[in-house]
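Enquirer: One letter stands for each residue in the lines below.
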Amino acid sequence: MNKRILIVDDSFYMRTMLKNMLTDAGYEVVGEAANGAQALEMATATTPDLITLDVILPDNTGLDVLKSLRQSQPSAKVVMCSAVGQEVIVNEAIENGALAYIVKPFSEEKVLEIVGAALKSDSPEQAA
Amino acid sequence: MKTRDQEYREMFMAEALEYYDSMSRHLSELERNPNAGPALNELFRLMHNLKANARAMGFNDLGEVAHHLETLFGLIRDQERTFSGSLIRVVFAGVDALGNMIRAVGANQPLPDATALLENLDRLVRGEEPILDETEAAETEEESNKKMELSDLVYIQVKKLDNLLNLVGELVIDRDRIMTLAQELDNPALLATAQHLFRISDDLQYSVMDARLVGVGVLLNKFPRVVRDVASAEDKEVELTLSGQDVQIDRNILQIITDALLHLVRNAVSHGLETKEQRAKAGKPPVGRLTLSALTERDDVLIQVGDDGRGIDTESVRRKAVERGLTTASAAAGLSEQAVWAFLFEPGFSMAQQVTDISGRGVGLDVVKLALDSLGGQLRVESQLGVGTTFTLVLPTSIAVKGALLVEVEERPYAVPLLHTDTVLSLHPGQISVVGGVMVTHFQEQSVPLVPLRQLLYDEGDGPLPLATRDDIVGPQQVLVVNYNNRRLGLVVDRFIRQQNIVIKPLSKPLDTIDLFGGVTLLGSGQVCLVLDVPALTRLFLNKRP
Numbered sequence: 001m002n003k004r005i006l007i008v009d010d011s012f013y014m015r016t017m018l019k020n021m022l023t024d025a026g027y028e029v030v031g032e033a034a035n036g037a038q039a040l041e042m043a044t045a046t047t048p049d050l051i052t053l054d055v056i057l058p059d060n061t062g063l064d065v066l067k068s069l070r071q072s073q074p075s076a077k078v079v080m081c082s083a084v085g086q087e088v089i090v091n092e093a094i095e096n097g098a099l100a101y102i103v104k105p106f107s108e109e110k111v112l113e114i115v116g117a118a119l120k121s122d123s124p125e126q127a128a
Numbered sequence: 001m002k003t004r005d006q007e008y009r010e011m012f013m014a015e016a017l018e019y020y021d022s023m024s025r026h027l028s029e030l031e032r033n034p035n036a037g038p039a040l041n042e043l044f045r046l047m048h049n050l051k052a053n054a055r056a057m058g059f060n061d062l063g064e065v066a067h068h069l070e071t072l073f074g075l076i077r078d079q080e081r082t083f084s085g086s087l088i089r090v091v092f093a094g095v096d097a098l099g100n101m102i103r104a105v106g107a108n109q110p111l112p113d114a115t116a117l118l119e120n121l122d123r124l125v126r127g128e129e130p131i132l133d134e135t136e137a138a139e140t141e142e143e144s145n146k147k148m149e150l151s152d153l154v155y156i157q158v159k160k161l162d163n164l165l166n167l168v169g170e171l172v173i174d175r176d177r178i179m180t181l182a183q184e185l186d187n188p189a190l191l192a193t194a195q196h197l198f199r200i201s202d203d204l205q206y207s208v209m210d211a212r213l214v215g216v217g218v219l220l221n222k223f224p225r226v227v228r229d230v231a232s233a234e235d236k237e238v239e240l241t242l243s244g245q246d247v248q249i250d251r252n253i254l255q256i257i258t259d260a261l262l263h264l265v266r267n268a269v270s271h272g273l274e275t276k277e278q279r280a281k282a283g284k285p286p287v288g289r290l291t292l293s294a295l296t297e298r299d300d301v302l303i304q305v306g307d308d309g310r311g312i313d314t315e316s317v318r319r320k321a322v323e324r325g326l327t328t329a330s331a332a333a334g335l336s337e338q339a340v341w342a343f344l345f346e347p348g349f350s351m352a353q354q355v356t357d358i359s360g361r362g363v364g365l366d367v368v369k370l371a372l373d374s375l376g377g378q379l380r381v382e383s384q385l386g387v388g389t390t391f392t393l394v395l396p397t398s399i400a401v402k403g404a405l406l407v408e409v410e411e412r413p414y415a416v417p418l419l420h421t422d423t424v425l426s427l428h429p430g431q432i433s434v435v436g437g438v439m440v441t442h443f444q445e446q447s448v449p450l451v452p453l454r455q456l457l458y459d460e461g462d463g464p465l466p467l468a469t470r471d472d473i474v475g476p477q478q479v480l481v482v483n484y485n486n487r488r489l490g491l492v493v494d495r496f497i498r499q500q501n502i503v504i505k506p507l508s509k510p511l512d513t514i515d516l517f518g519g520v521t522l523l524g525s526g527q528v529c530l531v532l533d534v535p536a537l538t539r540l541f542l543n544k545r546p
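For the record, the sequence lines run as chains A and B.
Just so we're aligned: 119 in UniProt numbering is position 119 of the first sequence, and the numbers increase by one with no gaps anywhere.
Just so we're aligned: 244 in UniProt numbering is position 244 of the second sequence, and the numbers increase by one with no gaps anywhere.
Heads up, a few of these hints could be off.
With beta-carbon atoms standing in for the labels, derived distance ranges [unchecked claim]:
{"hint": "1", "chain 1": "B", "residue 1": "T275", "chain 2": "A", "residue 2": "N60", "range": "31 to 37 angstroms"}
{"hint": "2", "chain 1": "B", "residue 1": "A116", "chain 2": "A", "residue 2": "G26", "range": "44 to 50 angstroms"}
{"hint": "3", "chain 1": "B", "residue 1": "V367", "chain 2": "A", "residue 2": "S107", "range": "32 to 38 angstroms"}
{"hint": "4", "chain 1": "A", "residue 1": "I94", "chain 2": "B", "residue 2": "D122", "range": "27 to 33 angstroms"}
{"hint": "5", "chain 1": "A", "residue 1": "T23", "chain 2": "B", "residue 2": "Q183", "range": "51 to 57 angstroms"}
{"hint": "6", "chain 1": "B", "residue 1": "D78", "chain 2": "A", "residue 2": "G26", "range": "38 to 44 angstroms"}
{"hint": "7", "chain 1": "A", "residue 1": "E87", "chain 2": "B", "residue 2": "K159", "range": "40 to 46 angstroms"}
{"hint": "8", "chain 1": "A", "residue 1": "T23", "chain 2": "B", "residue 2": "E445", "range": "44 to 50 angstroms"}
Just so you have them, the derived chain B footprint on chain A, three or more residues with Cβ under 8 angstroms [as the list claims (entries may be wrong)]:
{"hint": "9", "segment": "10 to 21"}
{"hint": "10", "segment": "24 to 37"}
{"hint": "11", "segment": "96 to 109"}
Once the Cα atoms are required to be at most 16 angstroms apart in a straight line, the calculated EDC-like pairs of lysine to aspartate or glutamate come out as [unchecked claim]:
{"hint": "12", "chain 1": "B", "residue 1": "K222", "chain 2": "A", "residue 2": "E108"}
{"hint": "13", "chain 1": "B", "residue 1": "K222", "chain 2": "A", "residue 2": "E28"}
{"hint": "14", "chain 1": "B", "residue 1": "K222", "chain 2": "B", "residue 2": "E7"}
{"hint": "15", "chain 1": "B", "residue 1": "K276", "chain 2": "B", "residue 2": "D235"}
{"hint": "16", "chain 1": "B", "residue 1": "K544", "chain 2": "B", "residue 2": "E460"}
{"hint": "17", "chain 1": "A", "residue 1": "K3", "chain 2": "A", "residue 2": "E28"}
{"hint": "18", "chain 1": "A", "residue 1": "K19", "chain 2": "B", "residue 2": "D5"}
{"hint": "19", "chain 1": "A", "residue 1": "K3", "chain 2": "A", "residue 2": "E113"}
{"hint": "20", "chain 1": "A", "residue 1": "K19", "chain 2": "B", "residue 2": "E7"}
{"hint": "21", "chain 1": "A", "residue 1": "K67", "chain 2": "A", "residue 2": "E95"}
{"hint": "22", "chain 1": "B", "residue 1": "K276", "chain 2": "B", "residue 2": "E237"}
{"hint": "23", "chain 1": "B", "residue 1": "K222", "chain 2": "B", "residue 2": "D259"}
{"hint": "24", "chain 1": "B", "residue 1": "K222", "chain 2": "A", "residue 2": "D24"}
{"hint": "25", "chain 1": "B", "residue 1": "K284", "chain 2": "B", "residue 2": "D246"}
{"hint": "26", "chain 1": "B", "residue 1": "K544", "chain 2": "B", "residue 2": "D459"}
I should point out that these hints are in silico values taken from the structure, not numbers from a laboratory.
Fair warning: this is a prediction, and the values are worked out from it, not measured in the lab.
Backbone N, C-alpha and C define an ideal beta-carbon position, used for all residues, glycine too.
Kindly generate the complete structure, drawing on both the sequences and the hints.
Expert: Written out as structure tokens, the structure is:
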């Protein structure tokens, strides 16, 4: 079974690029959310194996979304996605159960490496 | 040619222009209310996105300006700076510069220099006063007033385009009715208006179809990765060549054939191409060649998957077809290569595991065939033992509107999609022979069985068709030669009406279970016309032939 991934990013361009990279590598992208509310809704509807979560979203911070996701979808692995300059938030996200982070602009190799490693690792509730 | 890079670029541009417009809007809001929290958050987010996207595209100068502005807006948001005084001037100049840079990207021009601006932004971040050049500032302001642009690209849901195409379909049917009425009433004014309507709706129909077209490249460009993965799993070296990515096709057609194409490509790598050792033994270069190409042929789009592998072992397929009871040994012996390969598309032909002796080609090919049948397309095979195999998918460019030949049987019109018609013949009794109760004629050095369409459509029951005798053949016979899966069949009809473009509507329940008909269309006269499904007719004939 292909691993199922939900992409959360407010930029259409970023989502498309991530989706292409992940789909090409054989992952199934089960949804694309452009804001926090959509992200929570789609995570519940699709129960993905992994969620890539942008740090800055229009309606909500990625950190708030992460906290809600940890409550509603504890088995989903979360990888943060951020451009440089947001290290403080990213570190806080890691403390709150995100497994790793991808720094934009990202290369295909880097994305696949991080996503692959995150999927292989123990789910956060087991690690905790 | 639209490569993935070009698509990314167009996407980047569309989004960047959208961001730029939003930035300008939020800036004016901020000018009225310097503490507007939501506007500050939005500006921060937009700068952040633009920075990330620009860097991903390699537009580093653009990314740099956005990065500086992001930092500055972060400071304003955190109340370490205020949106006032000289800062406002620099921020506006910064957003103007972003606009100019985005436009330069769109026009493929070098990005304007931003050194002075970056210097000023740096100063503001450090808490120093910027160095302002009065004349330059005034000029920029004036310029920004002139350049007000909206993005040239609109993203639209396929569902909306589907709806549009359906409406156009309805319109075309009404148009044909009005045309017919105008001719019947013989009113010159009405006729002129109807002709005008005809031209306009024709243009409209093609415009809508055109809006749904995408480059085949959007699908083909996904394959290098697939090929690499399958090849490495099989320990093979494969060189993939793509061509014709710019060939245009309806987006939904591309969607429907995605799995079929994936299947053919995987099959070609794992079964079509030999292992390195086998290739060495056969005197072939170790790297297998795979081509994936798209081209247009008349109104159709051809997508070809070709390999230089082992080819199809026709004799094995022939034996297997007999083993599986698909044909008799004597009949099989007389079949052409093409006719033998057609067995590969029979459902479940290679369900058995001993498929390696026929290059494993049969696995799931019926699924490929099914996808093509649902589109009214065709699947062709060319293969030479030891040299390679090429599968060709013949696809319509657009959904819904198809060329068709209208024929008449028992005073009822029927439409046959042109995709499945080879030719029409008017045969004298002397050109027809009767072999084993079946009428046969010779056409292009092939014997083609003939069957009255009337018998296929109106004879009830599962029994065999009545035996044909010479006495049945009176006068010239109008024959439509159809072709399905490399099998030709001559349908004897009462007369040919004309060729025309038709809009096929699916049959609604409970009629949708009758598989002889692919749908229904309305003729200009308002008459309902059934669209014949050639694959189903061919299968029916094979099942019922005496």
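Enquirer: Evaluate each hint against the coordinates.
Expert: The hints, checked one at a time:
1. T275(B) - N60(A): 31 to 37 angstroms: violated, 54 angstroms
2. A116(B) - G26(A): 44 to 50 angstroms: With a Cβ separation near 48 angstroms, A116(B) and G26(A) satisfy 44 to 50 angstroms, so the hint holds.
3. V367(B) - S107(A): 32 to 38 angstroms: Since the Cβ atoms of V367(B) and S107(A) sit about 36 angstroms apart, the hinted range of 32 to 38 angstroms holds.
4. I94(A) - D122(B): 27 to 33 angstroms: The hint (27 to 33 angstroms, Cβ to Cβ) holds, given that I94(A) and D122(B) are roughly 30 angstroms apart.
5. T23(A) - Q183(B): 51 to 57 angstroms: At roughly 53 angstroms between Cβ atoms, Q183(B) and T23(A) fall inside 51 to 57 angstroms, so the hint holds.
6. D78(B) - G26(A): 38 to 44 angstroms: Taking Cβ atoms as reference, D78(B) and G26(A) lie about 43 angstroms apart, which means the hint holds.
7. E87(A) - K159(B): 40 to 46 angstroms: Hint holds: Cβ distance 41 angstroms, inside 40 to 46 angstroms.
8. T23(A) - E445(B): 44 to 50 angstroms: holds, 48 angstroms
9. 10 to 21: holds (count 8)
10. 24 to 37: holds (count 3)
11. 96 to 109: holds (count 3)
12. K222(B) - E108(A): Holds, at about 14 angstroms.
13. K222(B) - E28(A): Holds, because 14 angstroms separates the two Cα atoms, which is no more than 16 angstroms.
14. K222(B) - E7(B): holds, 13 angstroms
15. K276(B) - D235(B): holds, 8 angstroms
16. K544(B) - E460(B): holds, 11 angstroms
17. K3(A) - E28(A): Holds - the C-alpha atoms of E28(A) and K3(A) are around 6 angstroms apart, at most 16 angstroms.
18. K19(A) - D5(B): OK: K19(A) and D5(B) at ~14 angstroms, within 16 angstroms.
19. K3(A) - E113(A): Given pair K3(A), E113(A) holds - Cα atoms ~14 angstroms apart, limit 16 angstroms.
20. K19(A) - E7(B): Satisfied, since the Cα-Cα distance of roughly 14 angstroms is no more than 16 angstroms.
21. K67(A) - E95(A): holds, 11 angstroms
22. K276(B) - E237(B): holds, 8 angstroms
23. K222(B) - D259(B): holds, 12 angstroms
24. K222(B) - D24(A): holds, 6 angstroms
25. K284(B) - D246(B): violated, 32 angstroms
26. K544(B) - D459(B): holds, 10 angstroms
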